[in-house]
Amino acid sequence: MKPRYYLLLSLFIFSFSCNKEDDFYKDVVIETDKEKYSTKENVLIKVSNNYADEISYYKCSSYDGIPPSVLKYSNNEWTGFWGPICNGYSSWCCNGLDAKEIYLDTLNLNFEKGIYRIEYSFIIKHGEGYHSFYSNEFQIE
1 MKPRYYLLLS LFIFSFSCNK EDDFYKDVVI ETDKEKYSTK ENVLIKVSNN
51 YADEISYYKC SSYDGIPPSV LKYSNNEWTG FWGPICNGYS SWCCNGLDAK
101 EIYLDTLNLN FEKGIYRIEY SFIIKHGEGY HSFYSNEFQI E
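According to the UniProt record's numbering, the stretch in the sequence shown is residues 1 to 141, in order.
If you are wondering where the hints come from, they were derived from the structure by calculation, not from laboratory data.
It is possible that part of the hints are untrue.
Only pairs whose alpha carbons sit at most 25 Å apart, straight line, appear in this in silico DMTMM-like list of lysine to aspartate or glutamate [claimed, not checked]: (1) Lys125 with Glu41; (2) Lys36 with Asp98; (3) Lys34 with Glu119; (4) Lys100 with Glu41; (5) Lys100 with Asp53; (6) Lys26 with Asp98.
So the derived label-pair ranges between C-beta atoms look like this [claimed, not checked]: (7) Tyr25 with Thr79: 34 to 44 Å; (8) His131 with Glu77: 13 to 23 Å; (9) Tyr134 with Ile85: 33 to 43 Å; (10) Asn136 with Asn76: 14 to 24 Å; (11) Glu137 with Asn110: 30 to 40 Å; (12) Ser90 with Glu119: 14 to 24 Å; (13) Glu141 with Tyr89: 25 to 35 Å.
For every residue, glycine included, the Cβ atom is placed at its ideal position computed from N, Cα and C.
Turn these sequences into a full structure, and let the hints steer you where they fit.
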């Protein structure tokens, strides 16, 4: 085989392996119950762990459950809108969400009008850092 074919074959294999790695981090699904809410409505969230193993999250002292970060779309970028404040003394790593488990939560916040999404961070593979997972976008009217 000519050297350029080796190069093309190597690039093909490399791109395929990168896609497989990216696909690995898609098995946490975060959904809200609706796409549009009023400013006074609660946002219902469903987090599904579709991995075959438990995934881990940081246990925040001031939040009962898996701590979310609420992001608002403003000026063409996502910025932090709300998140629980965790102190270092009563917060710890790690609690777990079992394989195939579904976690339900309700956000009762004073939302402003705008477009939002919710971020959760999980450790998928032991020994690795946190990976961010995002909900669908939703609008507060």
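Right, here's what the structure says about each hint:
1. Note on Lys125 and Glu41: the hinted pairing is violated, with a Cα-Cα distance of about 36 Å set against a maximum of 25 Å.
2. With a CA separation close to 30 Å, the supplied pair Lys36 and Asp98 exceeds the 25 Å bound.
3. As the CA atoms of Lys34 and Glu119 are separated by approximately 16 Å, the hinted pair is consistent with the 25 Å bound.
4. For the proposed pair Lys100 and Glu41, the alpha carbon gap of about 29 Å is over 25 Å, so the pair is violated.
5. Restraint check for Lys100 and Asp53: satisfied, since their Cα atoms lie roughly 8 Å apart, inside the 25 Å limit.
6. Note on Lys26 and Asp98: the hinted pairing holds, with a Cα-Cα distance of about 16 Å set against a maximum of 25 Å.
7. Remark: the range hint 34 to 44 Å for Tyr25 to Thr79 is contradicted by a beta-carbon distance near 23 Å.
8. Distance hint check: the CB atoms of His131 and Glu77 are about 20 Å apart, consistent with the given range 13 to 23 Å.
9. Distance hint check for Tyr134 and Ile85: the Cβ-Cβ separation is about 21 Å, which falls outside the suggested range of 33 to 43 Å.
10. The beta-carbon spacing between Asn136 and Asn76, approximately 19 Å, falls within the hinted interval of 14 to 24 Å.
11. Under the hint 30 to 40 Å, the C-beta atoms of Glu137 and Asn110, about 19 Å apart, miss the expected range.
12. At roughly 22 Å, the beta carbons of Ser90 and Glu119 sit within the given window of 14 to 24 Å.
13. About 40 Å separates the C-beta atoms of Glu141 and Tyr89, a value inconsistent with the hinted range of 25 to 35 Å.
In terms of the numbered hints stated before, the structure departs from hints 1, 2, 4, 7, 9, 11 and 13, listed from lowest to highest.
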